[in-house]
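**Q** As a plain string of letters, each chain reads:
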Amino acid sequence: MQSSAHPAGAGPVPRLAGHFASLEVQNHAARLGMWLFLSTEVLLFAGLFACYACYRFLFPEAFAEASRSLDLVMGTVNTVVLITSSLTAALAVHYAKEGKNNLVALMFTLTLVMAAAFLVIKGFEYSHKIHDGALPGKYYHYAKIQTAGAPIFYTVYFMATGLHAFHVTIGMGVLLWLTIRAVRQKNFGPNNYVAVELGSMYWHLVDLVWIFLFPLLYLI
Amino acid sequence: MTPSNSTTAEGALPAQDPHHGDHHAHPSYLVDGTTIKSWLLTVDHKRIGLMYLGAVLFFFLIGGIFAMSIRLELLTPGPTVMDAMTYNRAFTLHGIIMIFLFMIPAIPAAFGNFVLPLMLGAKDVAFPKLNLASFYIYMTGALFAVWGMLNGGLDTGWTFYAPYSTHTTTTVAPVLFGAFIIGFSSIATGLNFIVTVHTMRAPGITWFKLPLFVWAAYATSCIQVLATPVIGLLMLLVIGENLFNIGMFDPARGGDPVLFQHLFWFYSHPAVYIMVLPSFGVMSEIVATYSRKNIFGYRAVAYSSIGIAFVGFFAWGHHMFVSGQSTFDAGVFGVLTMLVGVFTAIKVFNWVGTVYKGAVDFKTPFAYFCGFLFFTVFGGMTGIALGTTSLDIPWHDTYFVVAHFHFIMVGATIMGFLAALHYWFPKMFGRMYHEGWGLVSAALIILGFNATFIPQFLLGNAGMPRRYYDYPERFQALNVASTAGASLLAFGFIIIAIYLTHALVYGRASGKNPWRSKGYEWTSESPPPTHNFVGPQPTYPEEPHFYVDPKKAEVPDAV
Ligand code: HEM
Ligand SMILES: [Cu+2]
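Heads up: the protein sequence lines correspond to chains A and B, in order.
Per the UniProt record's numbering, the very first residue in the first sequence carries number 1; after that it's consecutive.
Per the UniProt record's numbering, the very first residue in the second sequence carries number 1; after that it's consecutive.
Careful, some of the hints might be misleading.
[Said to hold, decoys possible] Which residues of chain B face chain A? A partial, calculated answer using Cβ under 8 angstroms:
no.: 1; residue: THR35
no.: 2; residue: ASP124
no.: 3; residue: ALA126
no.: 4; residue: LEU233
no.: 5; residue: LEU234
no.: 6; residue: ILE239
no.: 7; residue: GLY240
no.: 8; residue: ILE246
no.: 9; residue: LEU259
[As the list claims (entries may be wrong)] To give a feel for the contact side, a few chain B residues facing chain A, derived at Cβ under 7 angstroms:
no.: 10; residue: LYS123
no.: 11; residue: ILE187
no.: 12; residue: VAL195
no.: 13; residue: HIS198
no.: 14; residue: THR199
no.: 15; residue: VAL230
no.: 16; residue: LEU243
no.: 17; residue: ASN245
no.: 18; residue: ALA252
no.: 19; residue: ARG253
no.: 20; residue: GLY254
no.: 21; residue: PRO257
no.: 22; residue: VAL258
I should point out that these hints are in silico values taken from the structure, not numbers from a laboratory.
Ideal placement from N, C-alpha and C gives every residue a C-beta, glycine not left out.
Just chain B, same shape as in the assembly:
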C-alpha cells in the first residue's frame, strides 16, 4: 500500500479544497512518495495508469518507426530501402506492436485506469494488486515479443494465419507467447474494471448515472474477458504446431486452417471494439464538456456500447467471405456486420445531436472529436460496403481493407487517445499545455491521416494488394501521396511530444477544473491526492453530463 501521509509536499501544486484549507495540504499522487520503488511497486490506479501511458507511448513510437519504414519502402516500386524479407518483418512487427502493445491497452489501461475510479467516486479499483500485476504481465509479454523480434523477427503478418505461421522458419513462437501473456494482462484489467463498476460506485451513482466513458469501458471489459481466452488458446495451439507439429491446423495431417481463421477472428473482430469502444467513451465525455450540453440520448449511447460489444461477437465471419464460406453464412455474417453499423450510427447521431445548438468551446480535444467523427463515419461506411459479400470479394486483401481498418480502428482510436491525452492532461498533471500548438498539431494529424489513407482506398480499389513489397509503376503516384501524408502525421506527433513535455515542466497550473466540466472525475483535485478524495466521500446528486438544467435551460456557472 502506498502510505498516505499528510505532510506538505514541496513542489506540488497546492491542494485547493476550500473545506480543508486549515488542515495540512494533501499531497497529490504525483509527489506522494518520490522514490523509484514508490512508483514501481505502487498500487495506486493513477500511478499505474501513468506507467501504462509511458509504456504505450513508447510502443507507439516503435510501431510508428516501423510504419514509416514501410511507407518509405513503398515510395518507389521495387527495392527502395530494404529487401523483401525485411519488409515482411517490418509490417508484421508494425501490426503486432500497434495492435497488441499499443491500441488494445492504450485507452483502457492508461486512461481507464486513471479516471475510472475517479468517475465512480471510488478510492481505487477493486483489486489494486491485480492491477499492478497486470501492468507487469503486460511488460513481460512485451519483453517476449521484443526478444523474438530481435532474434530474427517473423513474417506472418499480425494475423499469424495458419498454415504459414506453423511452418515459417522465422521466430513465431516467442512472439506468440508474448501475445499470449499480454492476453492475461488484458483479461486482468477487464475483470478488474467490471468488478470495480459493480462494487465500487459511490452512493448516488446508479447505473444510469454512470459517466458514459464508464459505460464504454465496461462494455470493452466484457469483450476483453469473453474474447481473450479464446485467442489465448489459439496461440497455444499455434505455438504447439510451430514447435512440435501437433497438426491442429495442418491440412497434411487432417487439420483445418480455416478453423484457425474462425478462432482468430472470433477474438480479433471483437478486439477491434476493444480498441475503438473506449475511444467512443472518451468522445461522449468530450462532446458534452465542450458543447456545454447534457449528452443527447444518454441511455441510447450507453446501451449502444453494450449493443456493439454484443453483436461484435457475431460478425467475425466477414473476414472469411473468401474462405469458401457458404453463401448463406456469408449473408448472415453480412447482416450481423451491418448491425454493428447501426449501433455505431446511434452514437454518431447522438453526438451530433449534442453539439447541435450547443455552446461549442473549440479546444484541442474538440478538434480531435471532429476528426474522430469523420473517421468513424467514413471508416464505418466503408465497413458496411465491405460487409456486402459482392463488394468484399474484389476488395478483400487489397489496400482498400487496409484503409478501411486504419480509418475506423486507427483513426478513431488515435483521435480518442489524443483527445483523452489533452482532455485529462490537466487532471493528471495539474498543468496546462499550449492551446495554439494543440490545435495546430491536431490539424496536422487529421490532415496527415487523411492524406495517408485516402490514397490507400484508391489504391485498393485499383487493385493493389496489401502486404506486397513491389508494385507496378502506375500505383506510384498514390503511394507517394500516402507516404507524404504519413510524414505529415509523424510531424504532428513530434510537435505534440514537444509541447506536452514542455507543459509537464513549465505549464501553468490548471486549477481543479479548467474545462468547467461536469464530469465526476473533476470533483477531485487536479492532480488528485493519493486516495482520490480528501475528506468524506463525495456525493453525486446530479447526472454526470448535467450542463443544462432542462427546465431552466441556462448554462450554470463554472464550478
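This is chain A alone, in the form it adopts within the complex:
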C-alpha cells in the first residue's frame, strides 16, 4: 500500500486500491492477510518443533547433555536483546499513529541495531560450536559429547536457529524499508500506519519464535 502524493495540509491518507470498497476494508484485508501469513510461519517452525519433540523423546540424555553445552549467557543476552527490539518495534507503531515520523524512524533504527547485535552474538555462538566440531550430521566430531543422538540435537539446533536467523534478516530488510519511508516520505499518520503495523507484527513473530526456541534449546 503506497500512499500517493497528497495536498499539503490534508493529512496523509493511503491510496485506496480500486477493487476495495473502502479504506477500512482494505486495511482489514491487509491485516487478515498478515495474520494468515504469520500462521504459515508458525507452522513452518512447528515442523521443526515436531522434529525436536520426536528426537528429544528418543534421546533424552543426549538432548539434556548437548543442551547444556550451549552458551547460556549468550543465549540469555540474545533473548533480552530480541525482546527489547520487539518493544521498540511496538513503539514505532505507536508513534506512527501519532504521525511522529522521526520517532518511527528512531524506533526502527534501534530495533535494527538490536537485530544486528542479535545476529553478531549468534555468529559468535556458531563459530564456537563450529570450532568444537559440534556440527550437524556427517560433520559432527565433538569429542566432549559422544552420547547417541547428540548429532541430531545439533542438527535441530542449527536448522532451527539458522531458519530463525534467516527470518531475522528478512525482518531487518522489511524494517529498513519502513525506516527509509518514514525518513523520506514522512507520511505515516493516524490514517496511514498499517504498513508500520504489519512490519512490526512480523518482527513480533520473529521474537515469538525465539521465545520458544530459547527454552527448548538452551534451558530444558
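Position chain B with the ligands relative to chain A; hints supplied.
**A** Chain B with the ligands alone, transformed into the frame defined by chain A:
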C-alpha cells in the same frame, strides 16, 4: 494496474448490457490491452487465471506423455521401450509433474482465480499483485523442477521417501527446491482467496449465500495455508540431508525415516483434498445448473467441505499402517479416515438429491458430473476398504492403491477440471464449443479411465506391486488392458484439444449466460470486462443456486 479504458474494442464480442447500450461498449478483459506486456504484467484475476490455465494444461501434457511412456513400458514383461532406471525416472517425473504442477494448482489457481471474484461480486481478488507474484513463483518452481529433471532426473517416486531420497545420486535437490518454491505459490493463492472471501463479498452476499464453489475453494485454501508450510520445511530438511548429510532422517546418525513419513503425509494427505475439494465445488455448481434445481442441502454441502478439510488433517496415518505403527494408532487413524468418507458421502447424497426430479439438461459438463459421481463413490469406497488395517496390509504398495488414488484423486479431479473447462468456457471466451464432440470425448474419457484403472485394482489384488519395472507373465493381460484404456483416454484428450481450439477461434458467440445458470458469475458479461462489472455494484437478492422458488415450484424463465 491494467488501464480500464472505455474505447470500443475491435473484434471483441459486443457487450450486451442493456443499461449501458448508449455508452461506449466496455471491452472484455481479453482485448483490454493486447500487448504481451499487458498480459505478462496484468493484475487482472481473469488474465492470471488464464495464464495458469495455459501453464497447467502444458504440464498436464508433459505429465501425460510420461504416463503413456510408463504404460507402454508395462505393456510386456521385461524391458519393452526403456531400461529400468529410465522407468524409475519416468514414474517419478510423472507423479511430481501431475501432483505439484497440475493437480494442486489446476482448479483453484486457474478456475478459482477466474470465477471466485466474479462469484463474490468483487472487482478482483484482495491482493492482485500477490496473485500475479504467485503465478511467477509457480513458474520459477516449475523451472527448477524441470531443470533438475533435464539434468539427470530422480528416481525416488513423488513421495521422496527418506532415507532413499537422502542418498540417491540422482538430482533430488533442485527438484525438491522447485517443489518448495511452488509451495509458496500455493500458500499465496490460498491466502489471497481466504482474505478475498472474508473482505470482498458484495453487499447481500452473506456467508450462506456464497456459491458452493466458493465454499469449496475456501476450504481448500485453508488446507493450503495450514499444510503447505510443513512440507516446505520437510523439503528443506531433505535438501539439507541430500546435500550436506545433516542426518535428520538418517538412521545411521540417529535420525528417524518414519518421522519423514509423518511430516510428509501430514501435508500430502490433506493435499489430496487440495486437489479434490475444488472439484467437489465445481460439481455442486454444475449439478444445480443442469438439473435446474436449487441445490439439495446447501448448508450440508457447505459444511461438509469444511468437515473434509478438518478431518483431512487427522487421517495421514493411514499411509503408515505398515510402518510399525501400534495397533492402537492404526485403529485411530482408520476411524478418522472413515470420517472423511462420511463427509464425502454427505456431498454425494446431496448431489443425487439435487438431480432427483430435476429437469436434467444433459450437456457435456453434466456428462463429466456422471463420471465424477462414479469415480468418487468407487474411489471413496476403496478408500474405506484401505482404511481398514487388515485389508491395507496386503494391498499396501500394490496396484490396488495406485488404482484407488487414481480413481478418487485423478478421476474426480480430472472430471472436475474438464467439467469446469466446459462449463466456464463460454464465460471465459464468450464462445461455444461443439456439444456433440464434447459428449463424445467425455464418453471416451470416462470409458478410457475405467479401462485404465479397473484392471489395476485387479492387478493389485492379485499382488502386483507398484513402481515395478518387470512383472510375471500372468499379469500381462490386465496390463495390456490398462495400456489400451490409457490410449483411449489420451485419444479423448486430443479430441478435446482440437474442438476447444477450434471453438476459441470459430465458435459462435455464447451470449451472456448460455446455460441459463443462476450462478452469480453469470450476472456479468461473457467474457467479462476488465473490472468484472459495468456500472454500479450488482446486488444479490437471491440465493446462488436459486432455480426453483420453493413456494411456487416452477422453473423461472431464462435470464
Ligand atoms: C477424496 C479424495 C481422496 C484422495 C484424493 C485420496 C488419495 C490417496 C492417495 C494419493 C493415496 C496413495 C498414497 C501412496 O502414494 O501410497 C491414498 C491412499 C490411501 N487412501 Fe485415499 N484418497 C481419498 C479418499 C480416501 C478416502 C475417502 C479414504 C478412506 C475412507 C481413503 C483411504 C486411503 C488409504 C487407507 C490409503 C493408504 C493405502 C496404502 O498406503 O496402502 N482415501 N489415497
Ligand atoms: Cu491419505
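**Q** State for each hint whether it applies.
**A** Verification of the hints:
Among the interface hints, the one on B/THR35 is violated; its C-beta lies about 21 angstroms from the nearest C-beta in chain A, farther than the 8 angstroms criterion. At its closest, the beta carbon of B/ASP124 sits 4 angstroms from a beta carbon of chain A; the interface hint therefore holds under the 8 angstroms criterion. For B/ALA126, the interface hint holds, since its Cβ comes within 8 angstroms of a Cβ in chain A; the closest pair sits about 4 angstroms apart. Using the Cβ-Cβ criterion of 8 angstroms, the hint placing B/LEU233 at the interface with chain A is satisfied: the shortest such distance is roughly 4 angstroms.
For B/LEU234, the interface hint holds, since its Cβ comes within 8 angstroms of a Cβ in chain A; the closest pair sits about 6 angstroms apart. Hint on B/ILE239 is violated. Least Cβ distance to chain A is approximately 11 angstroms, over the 8 angstroms limit. Because the beta carbon of B/GLY240 sits about 7 angstroms from the nearest beta carbon in chain A, less than 8 angstroms, this interface hint is met. With 8 angstroms as the threshold, the beta carbon of B/ILE246 comes within range of chain A, its nearest partner Cβ sitting at about 4 angstroms, so the hint holds.
Here the hint on B/LEU259 is kept, as its CB sits about 5 angstroms from the closest CB of chain A, short of 8 angstroms. Taking 7 angstroms as the C-beta contact cut-off toward chain A, the hint placing B/LYS123 at the interface holds, the least distance being around 4 angstroms. Interface restraint check for B/ILE187: the shortest CB-CB distance to chain A comes to about 6 angstroms, inside 7 angstroms, so the restraint holds. The criterion of a C-beta within 7 angstroms of any C-beta in chain A is met by B/VAL195, whose closest approach is roughly 5 angstroms, and the hint holds.
The criterion of a C-beta within 7 angstroms of any C-beta in chain A is met by B/HIS198, whose closest approach is roughly 6 angstroms, and the hint holds. A least Cβ separation of about 4 angstroms between B/THR199 and chain A falls short of the 7 angstroms threshold, and the interface hint therefore holds. With a least beta-carbon distance of about 5 angstroms to chain A, the hint placing B/VAL230 at the interface is held under the 7 angstroms criterion. At a threshold of 7 angstroms, the smallest CB-CB gap from B/LEU243 to chain A is about 11 angstroms, leaving the interface hint violated.
Proximity of B/ASN245 to chain A holds as hinted, the smallest CB-CB distance being about 4 angstroms (cut-off 7 angstroms). For B/ALA252, the interface hint is violated, since its Cβ never comes within 7 angstroms of a Cβ in chain A; the closest pair sits about 10 angstroms apart. At a threshold of 7 angstroms, the smallest CB-CB gap from B/ARG253 to chain A is about 5 angstroms, leaving the interface hint in force. The beta carbon of B/GLY254 is positioned within 7 angstroms of a beta carbon in chain A (closest approach about 5 angstroms), and the interface hint is therefore held.
Checking B/PRO257 against chain A: minimum C-beta separation of about 12 angstroms lies over 7 angstroms; hint violated. About 9 angstroms separates the beta-carbon of B/VAL258 from the nearest beta-carbon of chain A, more than 7 angstroms, and the hint is not met.
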